[in-house]
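There are 2 protein chains.
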Amino acid sequence: MSAREQRQVASDAALSKQRVVVEAVRLADREGVHALSMRRLAGALGAGAMSLYYYVASKEELLDAMIDVVFEEIELPPEETDWQSAMRRRAVSARQVLARHPWAIGLMESRTSPGPAHLRHREAVTACLRRAGFPVLMATHANWLLDSYVYGFALQEASLPFDTADEFADMAEDVYLPQLPPDEFPYLNESAAVLAAAGYDPAEEFAFGLDLVLAALEPLRVPT
Amino acid sequence: MSAREQRQVASDAALSKQRVVVEAVRLADREGVHALSMRRLAGALGAGAMSLYYYVASKEELLDAMIDVVFEEIELPPEETDWQSAMRRRAVSARQVLARHPWAIGLMESRTSPGPAHLRHREAVTACLRRAGFPVLMATHANWLLDSYVYGFALQEASLPFDTADEFADMAEDVYLPQLPPDEFPYLNESAAVLAAAGYDPAEEFAFGLDLVLAALEPLRVPT
DNA sequence: TCGTACATCGTACGTCGTACGCTGTACTAC
DNA sequence: GTAGTACAGCGTACGACGTACGATGTACGA
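Chains A and B supply the protein sequences, listed in that same order. Note that this note's numbering has the first sequence beginning at 397, numbered continuously upward. Note that this note's numbering has the second sequence beginning at 397, numbered continuously upward.
Hints were generated in silico from the structure; no laboratory data involved. Predicted model only: the values in this text are computed from it and were never measured.
Which copy? The list can't say, so a pair holds if one copy fits it or any two copies do.
25 angstroms max Cα-Cα, derived DMTMM-like pairs, lysine to aspartate or glutamate: (1) LYS455 / ASP425; (2) LYS455 / GLU427; (3) LYS455 / GLU469; (4) LYS455 / GLU468; (5) LYS413 / GLU468; (6) LYS413 / GLU427; (7) LYS413 / ASP464; (8) LYS413 / GLU469.
Work out the full structure: start from the sequences and follow the hints.
The structure is reproduced here in structure tokens:
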């Protein structure tokens, strides 16, 4: 039995850049980026730490590659529908993906050069807007506005300390309200009370703002 | 001369939580969060590394405090104007502040409990919206939408590899276009060309989307 | 004078990213 | 066959990190 085959027994497959990056994403999903170290990643792959550097020049490059994996997961705007439905589809998909990989949002701030999947994504979105009749500069504006909304929403959602409406109700009662004296924060108290009663769903919240933005963009295009 | 006075000669003032946190913000502004270590921070303050732990329980707590310093810098919506002007003022201020402290955006993703300045800020914004006639749930929607836009815009702006229009023009020509084959990315090429010619200003881009959002929110309030 | 609270620091431990150099295997050329 | 070379992976070591722990000296009330 060769050393190669022995490794395969230990880790079920040979190393590859693909496998390294995908396992890194899994690890970050499970325990956060702060817990992602080259040694732990290597451990999860049944390999030595330095072996990873055959496939990845540095940890920075690994993080860039991880972000691009995330972009690959986001649905492109479908071509066969009206532009609003298409943009809604891809925005909803983006929110879902970013909620699945919250670490990716924080990473984007520090990484400046977009990967291939990111570029393909931008191209598809721009194409959709241009074909819908938005002039070049308007398409740029729309792109910024929509992406800002999606990323900003994901960022806020990631920093919520709860995942479900029930958790929110518990949280509001046990943690928030006690540290919000009603005389100092009357409006936040009001909001918290109403939200706790009405229930809270991030997906609905997202849809509300998204539809508002899409409707506001509609008159800016020049129908073909 | 006491040891205390000697230290004052070395660092111009006694240590305090305030001074530690403010210097940490300065360091992060100058060299990025990744360059902010307890040892380097202590060095900048003319102190030993472990001395910081008298004022700060952990690095995590330091980061939380840094974020709250950032929120303190953001202008609250003024009370004496119409709601759109008030929200525009605070949004513009927020963008400027976040552009000055880009590390803060990436940090927000991982820290879940808002500091006192953050809470005061939310209260003031909610108050402004409620007084403008937005019902409770609508005020929540508006809050999410506006904050998403501001944070998302700041996030995108932070990941731009240039700061001025001139830099953008250079960048577009030297770096972007070469890696964007026109047959694969026709629309991105078109955008880049038009933007390079028309010039590019993040403040204007921000204002465009912001005004669109504010106008879209206007009909949702119930005038008092 | 003594005790105690305050403010600061030195040392040490485990972990991090990664530079460097060594291995063994697979394959090509002769 | 055999020598040479590229591939894929690993062990060790270095400097930096966050911080637990305990020692230090000073200020001040009893």
